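There are 2 protein chains.
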Amino acid sequence: MSTVDLSPTARTRLGRARERGRLDRPALYEVLDAGMICHLGVVADGAPMVIPTGYGRHGDTLYVHGSTGAKSLRIAEAGEICVTVTHLDGIVLARSIFHHSVNYRSAMIYAVPRPVEDPEEKLTALRAVSERLAPGQWDVARRPTRRELAATAVLALSLEEASVKIRQGPPNDDEEDYAMDVWAGVLPVRQTFGEPVPDARLHEGTPVPDHIRHRR
Amino acid sequence: MSTVDLSPTARTRLGRARERGRLDRPALYEVLDAGMICHLGVVADGAPMVIPTGYGRHGDTLYVHGSTGAKSLRIAEAGEICVTVTHLDGIVLARSIFHHSVNYRSAMIYAVPRPVEDPEEKLTALRAVSERLAPGQWDVARRPTRRELAATAVLALSLEEASVKIRQGPPNDDEEDYAMDVWAGVLPVRQTFGEPVPDARLHEGTPVPDHIRHRR
Numbered sequence: 001m002s003t004v005d006l007s008p009t010a011r012t013r014l015g016r017a018r019e020r021g022r023l024d025r026p027a028l029y030e031v032l033d034a035g036m037i038c039h040l041g042v043v044a045d046g047a048p049m050v051i052p053t054g055y056g057r058h059g060d061t062l063y064v065h066g067s068t069g070a071k072s073l074r075i076a077e078a079g080e081i082c083v084t085v086t087h088l089d090g091i092v093l094a095r096s097i098f099h100h101s102v103n104y105r106s107a108m109i110y111a112v113p114r115p116v117e118d119p120e121e122k123l124t125a126l127r128a129v130s131e132r133l134a135p136g137q138w139d140v141a142r143r144p145t146r147r148e149l150a151a152t153a154v155l156a157l158s159l160e161e162a163s164v165k166i167r168q169g170p171p172n173d174d175e176e177d178y179a180m181d182v183w184a185g186v187l188p189v190r191q192t193f194g195e196p197v198p199d200a201r202l203h204e205g206t207p208v209p210d211h212i213r214h215r216r
Numbered sequence: 001m002s003t004v005d006l007s008p009t010a011r012t013r014l015g016r017a018r019e020r021g022r023l024d025r026p027a028l029y030e031v032l033d034a035g036m037i038c039h040l041g042v043v044a045d046g047a048p049m050v051i052p053t054g055y056g057r058h059g060d061t062l063y064v065h066g067s068t069g070a071k072s073l074r075i076a077e078a079g080e081i082c083v084t085v086t087h088l089d090g091i092v093l094a095r096s097i098f099h100h101s102v103n104y105r106s107a108m109i110y111a112v113p114r115p116v117e118d119p120e121e122k123l124t125a126l127r128a129v130s131e132r133l134a135p136g137q138w139d140v141a142r143r144p145t146r147r148e149l150a151a152t153a154v155l156a157l158s159l160e161e162a163s164v165k166i167r168q169g170p171p172n173d174d175e176e177d178y179a180m181d182v183w184a185g186v187l188p189v190r191q192t193f194g195e196p197v198p199d200a201r202l203h204e205g206t207p208v209p210d211h212i213r214h215r216r
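In order, the protein sequence lines correspond to chains H and C.
The first sequence runs 1 to 216 under full-length UniProt numbering.
The second sequence runs 1 to 216 under full-length UniProt numbering.
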């Protein structure tokens, strides 16, 4: 099984990663803006902890949020964190097991998070997170109250130290394996939306808004 | 935005998490066996690093693999790691921004990995990883050679210390918000497979096997 493609962006190769991050800024934004959840890594008592959570981008800042009671957010405030967003685009089926792989787009961000206290920035952050998960809802749903804002912890991460890794295309088999009579190629993987399921307590006749019905 | 649903399983609540992990063993297996990639968390020089990678389960053991040259795998060998598998099942659209959420299934595993050296177990592990990503391929593709096995690092993780978190169902709005004329409900999210894309160097007339064409 080939591991070249999903290999880590080692922290020790940061010089290069930083360079790539800068060079590929549009690619970084594209990967981040195509996702709905990230995996947030923190260090708790010396051990790693990886938590799926929502996020949003505003310019060159990434925001993650959580309850003020969430231990992980409090831990994250105390030190460096890593945020990874991954899109699985296809299964790469090779002639050998070893060269099986995946097509994917992935972004990794290293940052020392800055807790957001300013109510204005907090609102900007929550809007970014909300619009990532549920675009269009900010304009129709009830916005956060002062109390709700206070109950929400928001962390801001600079996107300066980031890297993007992308693998697309057919399998890379060993030359001698191309003679084999084994099907090879790519099985595409996509994330799709199903039919909206109305809440049981919805007022009769409330239509599904276009931004939900036609979301792609 | 509600953060109750995607809140962390804090390491400090391990007693409870451990209990849930044991009680929900079938649920844990179900979450793991429905995924194709995990997010592997390691600590490198005191900072977290979150890497997307393939994995496979064999009984009560989870296997992750990588190139013997991959720094992250070498780091992972040296200490505790965290593996998280997340399935996004739906966007929960509430009447208030605060109660927007996601439906999801997530598994977190904490373990001190054991490097797999025995060739028999290595083969079992690679089969588990391969069949997770591309079920059916182990029987048709060329299996790993001794040389390829040697070039592949495999780590075994006990599933003993694991937790499962699942959120499904409609939004939980504040009672007074149910009076609002705002559509609320769930937008389902699914991972689907597209039409297989044949490799350009495929022998003419090689059919797409059923296990690829009809994969669900």
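Check the hints yourself; a few may be wrong.
So, partial list: chain H residues that the calculated Cβ filter (under 10 Å) puts toward chain C [stated by the list, open to error]: (1) Pro52; (2) His58; (3) Tyr110; (4) Ile166; (5) Asp174; (6) Gly185; (7) Val186; (8) Leu187; (9) Thr192; (10) Asp199; (11) Ile212.
By construction, these hints were calculated from the structure, which means they are not laboratory data.
Predicted, not measured: the structure shown is a model, and the values here were computed from it.
Ideal Cβ positions, reconstructed from N, Cα and C, are used throughout, including at glycine.
Evaluation of the provided hints:
no.: 1; hint: Pro52; in the structure: holds (4 Å)
no.: 2; hint: His58; in the structure: violated (15 Å)
no.: 3; hint: Tyr110; in the structure: holds (7 Å)
no.: 4; hint: Ile166; in the structure: violated (12 Å)
no.: 5; hint: Asp174; in the structure: holds (9 Å)
no.: 6; hint: Gly185; in the structure: holds (4 Å)
no.: 7; hint: Val186; in the structure: holds (5 Å)
no.: 8; hint: Leu187; in the structure: holds (5 Å)
no.: 9; hint: Thr192; in the structure: holds (5 Å)
no.: 10; hint: Asp199; in the structure: holds (4 Å)
no.: 11; hint: Ile212; in the structure: holds (6 Å)
When held up to the earlier numbered hints, the structure conflicts with 2, 4 and fits the remainder.
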